[in-house]
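Chemist: Each chain is listed here by its residues.
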Amino acid sequence: MRLRRSRQRQQRQRAATMAPAVNAAEAPETLPLAEVSQRRTRSGWRERERAGAAMLAQARRREMGLLIIALLVLTLLAGRLAYWQIWQHDLLAARADAEHLRVIQLYEGRGYILDANGNILALSVSRDEVIADPDVLRSVDALPQVAAMLARTLGLPQPLVQRELDVPGAYVQVRNAEQQLALLSLQQSDQVNRLIAAGSLPGVALLPVVQRVYPDGALAAQVIGFVQADDGQGQYGIEQQYNTLLAGQPGLLYTAVDAAGDPLATVPQRRTAAVPGANVTLTIDANIQYWVEQGLADTVRQMQADGGTVIVMDPQTGAILAMASEPAFDPNQYGSAALADFANPAVSSTYDPGSVMKAMTMAMGVESGVLTPNSTYDDTGAAVVDGVTLHNWDGIGHGNITMTQVLQYSANTGAIWAAQRIGDDRFTSYLNAFGFLQPTGISLPDEAAGARDQTSAADLTTAENAFGESIAVTPLQLVMAYGALANGGLLMRPYIVASVAPEAGGQGTATQYGPVVVRQVVSAATAQTVTQMLVTSAAESEAQMNLVQGYTVAAKTGTSTPDTSDPTQTFASVIGYAPATHPRFVLLVKLNHPRTTIYGGSAAGPLWRALAQQLFVYLQIPPDANGQPGG
Amino acid sequence: MFNRQRYRWTELWLLLLPSVFLLVGYFELLIVHNLSVPVTSHNLPPLDAFTPIFGLIAALFGAHLLLVIIAPDADQTLLPIAGMLTSIGVLMSLRLGPDIGVPTLGLKQLAFAIAGLAVCVLTVWATRDLRWLRNYKYTWAAVGIVLVGITLLHSHSLSTNAPSRDVLNIGSGGLSFQPSEILKICLVIFFAGYLSENREMLAISNLRVGPLKLPPLKHLGPLIAMLGLALLIFLGVKELGLAILVFGLFLSMLYVASNRPSYIIGSVVAFALGALVIYRIFPYAQQRIAIVGNAFDTTPPARIAYNAGFQIVQGLIAFGNGGVFGAGLGLGKSWIVPFSHTDYIAASFGEEFGFAGVLALIGLFMLLVYRGMHIATRPRASFNQLMAVGLTAVFAIQTIVILAGNLKIMPLTGIPLPFVAYGGSSLIANYIIIGLLLRLSQDKS
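So the sequence lines, in the order shown, correspond to chains A and B. Residue 231 is where the first sequence starts when you use the working numbering, and the numbers rise one by one after that. Residue 2 is where the second sequence starts when you use the working numbering, and the numbers rise one by one after that.
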């Protein structure tokens with residue numbers, strides 16, 4: 231400290247001694263002017279001048295110091311600038327693009343969904359909605375007049391429109407009393423456009439809104455799905471599965487926008503052409519679908535069931551002719567439907583099918599050669615497997631009966647007897663061969679695979695599976711498996727989309743979908759044998775599904791009680807195909823928890839019969855039984 | 002008078018740079034505004050469109066000619082540097098005006114520039130004798146304080162909670178000016194006058210506070226009082242930038258005048274303590290600091306800060322989008338930065354001229370500061386020296402404070418970028434400073 235201070239003093243002294251030299255040039259100028267009498271004063275002044283000059287000289291060094299500091303700081307700022315403008319350029323430029331560039335999507339309309347006969351099941355229409363800028367309305371003090379005029383034109387109550395418009399901000403969509411967008415009719419759009427052109431509606435504009443319309447309402451709703459209004463994305467069913475193709479490629483308009491979101495003319499625009507959405511044609515026949523849905527709804531009501539599913543399939547191709555479930559929903563008003571109703575239970579719900587599985591068990595036994603339709607066993611009404619006693623559904627023993635009678639009486643012990651001869655391994659591999667325990671591959675979303683109960687020993691599970699318990703299957707899997715029996719043992723992949731074709735005049739090629747053979751599950755002879763067993767047992771059974779004049783029917787009832795604590799909670803079903811000699815359709819009717827009567831034959835049978843009769847007529851199927859009921 | 006020796010040839014030649022820059026830049030702007038139409042020899046912008054630009058160029062050369070008459074030996078680089086910076090400002094205003102919804106922005110700035118050049122020459126003419134500035138230093142100080150005081154009362158009556166600007170509206174013609182721009186010049190004159198008179202006194206130290214030696218309080222008193230008053234006023238109108246400016250120029254001048262590191266250290270410590278107290282008391286100050294820290298943070302807890310930091314982030318996006326060579330004049334999108342023509346003029350410029358352009362801009366300011374300090378090293382009169390230091394410091398500090406704010410180094414302030422930012426008061430005040438520096442440059446040893 232001391233040292234430093236003394237050095238400062240030295241510097242000051244040195245500066246002081248140097249100062250006269252600096253001012254030497256001026257000295258001769260000033261001195262002659264001085265008068266002798268004033269010498270003393272002048273020398274005092276000169277002292278001060280010298281000291282001042284010394285100070286100035288020192289100050290110059292400090293000024294240089296200041297300059298260097300300033301330049302250094304500015305250089306550092308330039309470095310920071312380089313960080314933002316060069317190092318962070320990519321990141322910030324991306325953010326800049328995100329803020330300035332808008333990609334405006336120009337959709338050319340979503341494709342149609344058509345039924346097998348070309349009826350339109352889903353289409354898109356464009357309607358106008360009213361948008362307004364409340365800030366503008368307020369600034370020109372026109373809110374009440376505009377509200378009144380809009381209310382009159384749209385047929386909405388004036389206070390409602392006034393309330394809708396008088397919100398903070400610069401953007402509002404006019405909604406009706408149900409809080410839905412007020413979509414205008416063509417006439418209303420015309421009127422509003424005229425008013426806007428006349429300048430009577432400042433801050434108001436029309437915006438086209440593309441709306442998905444389902445002309446037949448709830449028809450095949452779970453197959454078709456719906457389109458979410460806010461983002462235009464297909465949800466559930468075909469709308470979801472084929473969303474990309476249906477939507478097409480929107481034309482993209484890349485443009486810079488100003489703060490208001492309007493495209494700026496000063497920035498070059500780039501646009502890509504839109505590809506219109508493709509039309510999807512289904513194998514569904516809207517007529518069959520309609521009868522099926524009417525019948526199902528009636529039956530569910532009559533039987534006081536929670537719901538139900540009906541599937542009609544062409545066994546020779548695998549084409550789905552109808553697929554319906556209750557409860558259904560109206561995709562035009564999907565917003566007011568229950569979320570649980572959107573999914574398609576025909577493919578995404580599994581259940582224990584019950585006795586209808588016995589047909590598969592018999593087919594496996596016949597194909598393996600361990601039994602024939604006439605093999606007999608002693609039915610005591612119960613069987614013990616792995617220490618567990620399994621009963622017939624009615625607990626009655628029928629004595630010495632054939633396999634055909636097992637189907638007729640729906641004796642569980644007979645199915646167990648057959649399964650034990652088939653064996654666990656063979657039974658399991660046949661289950662897989664019939665298409666159970668895996669998705670069928672139909673082009674619908676959210677298909678379930680099904681599963682076997684894994685908690686019990688293998689032989690107990692197999693014994694239970696033989697009469698359709700402890701195994702979860704989808705309704706479609708059952709229809710597919712029965713289809714194999716109806717089709718000479720040839721398992722067909724069920725399909726619901728017949729073709730995807732571009733809009734007329736559009737680009738791209740049409741894709742046709744046809745029958746796909748999965749595998750030969752059992753031989754044609756086995757299929758023939760089991761069909762005959764089903765025809766005979768159906769004719770003799772109490773359910774009497776075959777009371778259709780002139781047609782042979784191969785069918786089986788099923789009643790499963792998944793909830794062991796409440797045996798009245800059943801899945802009641804009938805599945806079968808007809809005519810048995812040359813099957814044209816496989817028909818499944820399944821009811822969830824019917825209460826009027828809980829058994830497959832009595833609850834689902836009547837609808838099965840009614841629908842089969844309509845199908846014989848509609849599909850112009852010639853009788854095959856010479857006017858005799860049954861085969 | 003027009004003999005070759007005394008004619009300001011250097012200045013004349015250098016003035017060609019802003020002229021060419023203005024013509025080329027304005028030509029590009031005219032083309033960009035009609036970008037959808039291909040440019041051919043048939044639809045070039047009409048010559049009439051260039052009239053305002055020619056007006057500004059004429060004003061530059063007019064000022065040059067008047068300087069030849071009234072101050073032939075004054076510094077020849079100041080006017081071209083200021084002219085170049087002004088040209089950048091005018092072009093940016095012309096370019097931003099239509100995009101921010103004020104189509105007349107450019108023409109207004111152009112009018113301010115011409116007025117500024119006139120005021121500049123007027124200042125040079127009026128300060129033939131610099132002593133009257135020094136002799137009336139208290140008067141100048143009083144004028145400045147009163148002007149700002151009126152503004153303070155005025156803005157207080159409006160009672161807005163937002164960070165206000167010290168704007169005084171004159172009459173009902175929509176004319177307004179910022180008294181702080183005049184105050185900073187008044188303060189420099191006062192400090193220079195006071196410090197040069199009491200230089201020796203201040204160098205003597207009788208008081209000791211620990212290891213620090215302090216000058217007699219009697220001499221320090223008026224200085225501290227003046228400084229304190231100015232700082233209080235700016236904190237009153239929540240203008241942190243102006244407080245930094247006043248304190249910075251005071252510090253620079255005190256340092257040059259006294260050679261007392263103890264003063265500098267003492268002042269900085271006092272300022273730091275004061276800043277800490279203010280940070281504790283005013284939530285507004287805390288918020289400003291927090292914004293700098295987490296401007297980019299979009300996580301929910303910092304949501305408010307994000308909204309408040311919107312301007313900073315937008316400014317950085319504009320800078321970053323420019324890259325090395327920029328988008329080109331008229332082709333940036335900086336209008337979405339709030340205050341793109343005032344607080345964020347550097348970002349707007351940076352987006353369209355790139356890193357290269359801003360580097361050149363910083364270079365121009367370096368040149369300006371260098372010339373100012375060069376002028377400050379030569380006077381024989383202590384008052385002149387200190388005034389040149391103070392006036393140069395005004396430019397340097399303003400540039401640093403606003404650029405640092407723009408570049409997210411310190412809180413953003415309302416300090417305008419000299420000559421470039423839109424605004425009449427600032428531009429005219431800066432030209433008064435140029436006029437004073439021109440006159441000061443004639444005092445050389």
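There may be inaccurate statements among the hints.
[Claimed, not checked] Partner residues aside, some chain A positions facing chain B, computed with beta carbon under 10 Å:
| # | residue |
| --- | --- |
| 1 | 301 |
| 2 | 628 |
| 3 | 631 |
| 4 | 632 |
[Said to hold, decoys possible] Computed beta-carbon distance windows for the label pairs:
| # | chain 1 | residue 1 | chain 2 | residue 2 | range |
| --- | --- | --- | --- | --- | --- |
| 5 | A | 479 | B | 279 | 31 to 41 Å |
| 6 | B | 277 | A | 317 | 51 to 61 Å |
| 7 | B | 277 | A | 298 | 23 to 33 Å |
| 8 | A | 424 | B | 119 | 24 to 34 Å |
| 9 | B | 119 | A | 298 | 50 to 60 Å |
| 10 | B | 103 | A | 375 | 25 to 35 Å |
| 11 | A | 424 | B | 103 | 51 to 61 Å |
Note that these hints are calculated values from the structure, not bench results. Note that the Cβ used here is the ideal one computed from N, Cα and C, for glycine as well.
Chemist: Work down the list of hints and note, for each, if the structure agrees.
Modeler: How the hints compare with the structure:
{"no.": "1", "hint": "301", "result": "6 Å, holds"}
{"no.": "2", "hint": "628", "result": "72 Å, violated"}
{"no.": "3", "hint": "631", "result": "73 Å, violated"}
{"no.": "4", "hint": "632", "result": "74 Å, violated"}
{"no.": "5", "hint": "A:479 with B:279: 31 to 41 Å", "result": "59 Å, violated"}
{"no.": "6", "hint": "B:277 with A:317: 51 to 61 Å", "result": "33 Å, violated"}
{"no.": "7", "hint": "B:277 with A:298: 23 to 33 Å", "result": "29 Å, holds"}
{"no.": "8", "hint": "A:424 with B:119: 24 to 34 Å", "result": "56 Å, violated"}
{"no.": "9", "hint": "B:119 with A:298: 50 to 60 Å", "result": "35 Å, violated"}
{"no.": "10", "hint": "B:103 with A:375: 25 to 35 Å", "result": "31 Å, holds"}
{"no.": "11", "hint": "A:424 with B:103: 51 to 61 Å", "result": "35 Å, violated"}
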